[in-house]
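Chains as they are written, first to last, in the numbering used here: chain C, 194 to 380; chain D, 15 to 164.
Covered, in the sense of this in silico footprint (three residues per stretch, anywhere, with C-beta under 8 Å from a C-beta of chain D), are these stretches of chain C:
1) 198-208
2) 308-320
3) 338-345
Everything labelled a hint here was simulated from the structure, so no lab data went into it.
Every residue, glycine too, gets a C-beta built ideally from N, C-alpha and C.
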Amino acid sequence: MLELLRQPWPWYVAGPLIGLVVPFVFWYGSRKWGVSQSLQHLCAATLPRKIEYFRYDWRKDGSWNLAMVGGVVVGGFVGGRILSSPDDVVAISEATRTDLTRLGVTDFSGMVSSDLFSFEELLTPTGFVLIVVGGFLVGFGARYANGCTSGHAISGLATLQPSSLLAVMGFFAGGLVSVHFLLPLLF
Amino acid sequence: MSELPKQAERPEPLAVYFVLGIVLGIIFIKSEVASWFRIQEMFRFQAVHMYGVIGGAVGVGALGVALLKRLGVRTIRGEPIAFPDATERRPGIRHAAGGTIFGLGWGLLGACPGPIYALAGSGLAVMLVALLAAVAGAWVYGLLRPSLPH
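In isolation and in its complexed conformation, chain C is listed as follows (with noise of 0.2 Å):
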């Protein structure tokens, strides 16, 4: 058992389990499943000041998403260590290889790339751009459409809300510009 929970899992079953998520929350608390709103509530709890969106009972409205994302930290150390894949190179496409190898990339192994994702790497421009920038436009992003890939992409389509719709057209968009036309020139 396991041996077979070490193996990376199928998207078939990661994916329907991640639904699951989506009507219990709404059946256990009356909350809408989405991540992003723990970033809210983190500038709530330490840096309020005068901000007005930060101006609320976060510990009443936010306190059960914090728990949420405190196992998510949990989770990753038990997948990421003790769950950890006997092989460790993501399979992706030999298609996406090709790409990354002719962008620059030489390490394939881990979930993300050692030539791209490392404290050295934070100095340089290109990992300046990935890890700090990207970071603040997800941050920056998520909050202005109210949501990220679990509260529009999956929550918010499977509630069928045309808001949601248009907010993953807007991650698409976003997403294609920066894949084909901004990562090739950061290498």
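With the hints as your guide, set chain D onto chain C.
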């Protein structure tokens, strides 16, 4: 002004949400949706994997929500479930603009918020910097919010 879902009256047992988070963190890593390589593959349309995960989640989620509605299920405390209201459903500039900005970041970082937490937990300490940057992004959004079109 808070746009968060209506909260329950009594304090919630947070342990359940914590355990739910652990399960999600394991799934994010083991299904490789937390992998920068998989996000690159998705935005290049070179494999079904990411579309399968998201599509499978939406399908099962939609089925579950439809059942909750059809059967008139109430929460575990016997309260009616607050599904997204008309304001939340209406598309606006914020969804197009915010969504595009989010996508630009997703294509670069290769991780959306859930996987950022999971990767940090898996021992990839540099993702703590990405998390801090994402919190900074949320903070700047809060600051600029009054002057942004929604």
